[in-house]
Amino acid sequence: MTAVTSERVTAGAQRSGRGRTVDGYAGFGIMVRFILRRNWLRILIWTIVLAGLVVVVVQSQRVTFPTQADRDAYASIANTPSVAALTGLPYAASTIGGILNIKIWMTLAVSLAFAVIFLVTRNGRAEEEAGRTELLRGGVLGQHAYSLADWAVNAGFTVVVGILCALGAISQGLPVNGALTMGASLMGVGLVFVGVAAVAGQLAQTGRGANTLSVVVLGVAYLVRAAADLQAHGDNPSGLSWLSPIGWGQQMRSYGENLWWPLALSVGTTVVLGAIALLLERGRDVGEGILPDRSGPRHAAALTMTPIGLALRLQRGSIIGWTIGVLIGALFYGSVATAMANLLDGNSAVAQAFSGGSKDLVAGLLGFFAMTNALLISAFALQSADTVRADEANGRAELEWSRAISRTGWALSRLIVPAGVSFLLLLLSGYLLGASFGASVGDPGQAGRFAMASLAYWPSTLLIIAFVMFCAAWLPRAASAVTWSVFGVLVLVSMFGDLLGAPDWIIKNTPYTAVPRVGQDFSAVPLIVIGALALVFAILGLRRLRVRDMISA
Amino acid sequence: MTEQLAVDVRGLEKHFGSVHALNGLDLRVATGSVAGFLGPNGSGKSTTIRILLGLLRADGGSATLLGGDPWRDAVELHRRVAYVAGDVTLWPNLTGGQAIDILSALRRDVDRTRIEKYLQLFELDPTKKARSYSKGNRQKVALVAAFASRAELLILDEPTNGLDPLMEGVFTDCVNEAKGEGRSVLLSSHIFAEVEKLCDTVTIIRDGRTVESGTLTELRHLQRSTITVTIDGDPAALSKVDGVYGLTADGPRVSFGVDENALPGVMRALAPLSPRGLISSPPSLEELFLRHYGLHADDAEPTAKAASR
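If you read the sequences in order, they're chains W and F.
Everything in the first sequence is counted per the working numbering, starting at 1 for the first residue and increasing by one.
Everything in the second sequence is counted per the working numbering, starting at 1 for the first residue and increasing by one.
For the record, the hints were derived by calculation from the structure and aren't laboratory data.
Bear in mind the structure is a predicted one, so any value in this text is a computation, not a measurement.
Every residue gets a Cβ at the ideal spot worked out from N, C-alpha and C, and that includes glycine.
Don't take every hint at face value.
[What the hints assert, rightly or not] Non-contacting residues of chain F with respect to chain W, defined by C-beta distances greater than 10 Å in every case (computed):
{"hint": "1", "residue": "Glu13"}
{"hint": "2", "residue": "Arg108"}
{"hint": "3", "residue": "Glu152"}
{"hint": "4", "residue": "Ile191"}
{"hint": "5", "residue": "Leu219"}
{"hint": "6", "residue": "Val229"}
{"hint": "7", "residue": "Ala237"}
{"hint": "8", "residue": "Arg276"}
[As the list claims (entries may be wrong)] Here are some chain W residues pointing at chain F (derived, C-beta under 8 Å):
{"hint": "9", "residue": "Thr206"}
{"hint": "10", "residue": "Ser295"}
{"hint": "11", "residue": "Thr372"}
{"hint": "12", "residue": "Asn394"}
{"hint": "13", "residue": "Arg396"}
{"hint": "14", "residue": "Glu400"}
{"hint": "15", "residue": "Asp549"}
Can you build the whole structure from these sequences, using the hints too?
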């Protein structure tokens with residue numbers, strides 16, 4: 001391999017010795033193989049998951065909507081603002097292909113966009129930031145070879161995903177024309193974001209900055225098409241849709257009219273973006289971006305200089321992100337609960353499992369949503385509390401511990417942040433869940449009721465936070481693995497325990513299922529028990545942290 | 001500040017599992033003095049410093065910091081101590097200026113005038129994100145925070161790691177200034193010139209044990225100086241004099257090692273040979289240090305000489 005490589009590089013350099021432009025691409029083939037070698041597993045997993053989802057969803061929808069009558073019934077109620085805003089207009093909802101589009105197309109398109117954004121940055125700007133590109137460019141490698149190889153691999157990846165998604169649908173007996181259009185529409189979205197990430201990688205100076213820039217573009221594209229779909233005339237979105245690359249994919253109307261010409265827009269835009277990225281790269285130095293790395297403030301704000309303020313400042317981005325996600329989720333769940341309950345057959349095993357045996361299916365579903373929401377917020381709390389261990393491992397705790405702050409005080413400041421933020425998130429998301437459900441049934445009183453029901457999960461969240469502290473103090477090296485595994489099992493048992501056939505006494509007694517749900521009789525006993533457990537774990541953890549040696553990674 | 005010793009460590013022991021990091025280490029820093037702390041990688045310097053900071057707990061012996069117990073009174077003591085690690089880890093998304101403020105605030109000791117002064121001395125741009133700082137610049141952040149503080153004791157663990165020679169000069173000035181302000185400094189270092197220039201006392205450790213400590217003069221006292229001199233007559237006569245070692249001659253120019261206490265006798269023996277251009281070099285710190293390591297430690301004089309050339 002090495003011998004072949006060096007021969008090729010030399011040959012490439014000699015062949016292209018005449019002009020800078022040709023020279024710029026020397027070593028392209030080697031870089032393609034290099035990138036594939038470093039990313040094949042990632043690419044393979046993404047491909048299998050995305051294409052596999054198509055197959056799985058077709059099968060599950062065949063079970064959910066076995067007869068044409070079921071599909072027609074679904075089509076008559078599918079066109080709600082929530083569906084339009086989140087997954088697009090249900091223009092062919094009476095066919096399995098159309099239902100497939102409603103259920104999974106948007107997820108696939110956005111996931112594929114995320115995948116290429118991260119992959120392009122990982123092999124582009126992030127490598128450059130780490131200084132490894134400099135190492136390669138110091139050898140015989142054209143100016144554009146590495147970047148172009150990166151974009152080419154990712155473009156190839158979207159083509160493969162598009163083809164496999166189409167094949168997956170065809171294998172499940174969906175119309176060939178519709179399936180191919182669907183595959184192509186996904187590919188089109190993916191390609192545009194390869195171009196977006198390519199340009200972002202030239203503009204930003206850090207991998208983080210490049211990802212942020214691309215994700216912002218993706219977010220705007222998603223919101224623009226959501227607005228277009230909400231302003232629909234029947235099942236045709238408004239003209240705004242043409243301003244969004246995701247809209248172009250939707251406009252191909254797979255399993256409906258099957259239009260191919262919007263694909264030209266996607267491909268054309270990709271080529272233009274690629275050309276812009278090349279021009280930008282031609283004019284800049286290795287390691288430099290076009291956008292300067294923004295300078296920050298000269299001094300810390302008064303709040304940042306307090307331990308809790310510092311913890312808040314360091315987690316600012318993550319807190320904002322989780323808050324937006326959780327609140328949008330709550331609004332969505334609340335607004336679709338009634339529609340979902342109407343769809344589900346109250347006696348089916350699935351319905352029973354999700355509603356926790358509640359007689360009132362809507363209340364049962366809402367209770368399930370509130371618990372899911374609490375689990376989501378606990379995941380945030382876990383991640384936030386985990387900085388107690390992460391900062392000790394990466395050496396930043398040493399910086400703080402050698403100042404005038406006790407370890408207990410330091411750890412508490414790191415635990416109060418997730419505790420406080422999760423309290424607010426539970427309250428707000430419960431309120432929004434209730435408010436959006438209340439709006440759909442015309443009962444504004446639901447907001448307060450759900451806010452309280454959601455807050456009932458606060459002790460459970462505190463228990464997770466305290467457990468993180470306990471593990472960080474007693475099992476520092478294994479702490480992250482242990483806490484995330486335990487939490488993962490809790491999520492599985494709490495949400496799908498029935499479907500997985502876990503014993504009843506376990507299902508009913510996790511820190512999440514033991515909490516009384518909306519619509520059930522309220523009892524404070526479980527909350528007190530869970531809260532007391534949290535206190536014990538926290539005290540044991542804090543005491544241990546105080547007396548043990550600092551243990552860095 | 002009534003304590004005579006800012007740092008008083010006696011017979012300190014620490015083990016990690018079966019590995020003995022410290023085996024009876026002694027270290028003293030007199031109040032108001034600069035103490036050098038020398039030892040190769042892995043000899044226990046950072047472990048000692050982490051015990052002094054209450055980050056690790058000693059398994060035996062005693063350690064006193066500014067008259068207090070570094071483990072029990074950690075928080076109180078840290079108000080009076082400033083620490084610079086050899087490899088500073090900062091918060092990547094905060095600027096250097098923010099990090100300095102936070103580190104100072106944790107000691108409740110934010111003096112913007114002093115911070116500004118040291119920022120300028122070290123030529124550090126405080127508006128850059130720590131992510132974009134080089135190793136040397138991260139080091140400067142911790143140094144600015146330490147020097148700008150009014151801590152009585154500065155604990156510096158290989159602080160000039162990654163600094164360029166100009167900045168090392170600035171660092172030297174800052175340490176002297178700190179000493180002038182009456183502060184005590186514990187300076188762990190690999191750079192002999194730096195220690196020789198700055199330190200009043202030196203402690204040399206090996207394998208977690210103190211092998212040599214005292215002022216540089218004291219350390220040199222029992223060591224051999226090197227004398228180079230031009231003489232008339234037969235240099236062979238000199239080799240018979242007590243206390244002369246490794247005599248070599250290059251024409252009339254001879255050089256030899258001589259024990260400190262044999263010097264009067266050697267001088268008497270030299271006088272009749274009409275000595276000219278006499279140069280006497282005391283052992284450098286590097287030679288003192290190397291005596292305790294590698295081949296010197298095994299007292300293999302000739303081989304060692306060959307190796308050091």
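Point to revise | Those earlier numbered hints the structure runs against, lowest number first | key: 2, 11
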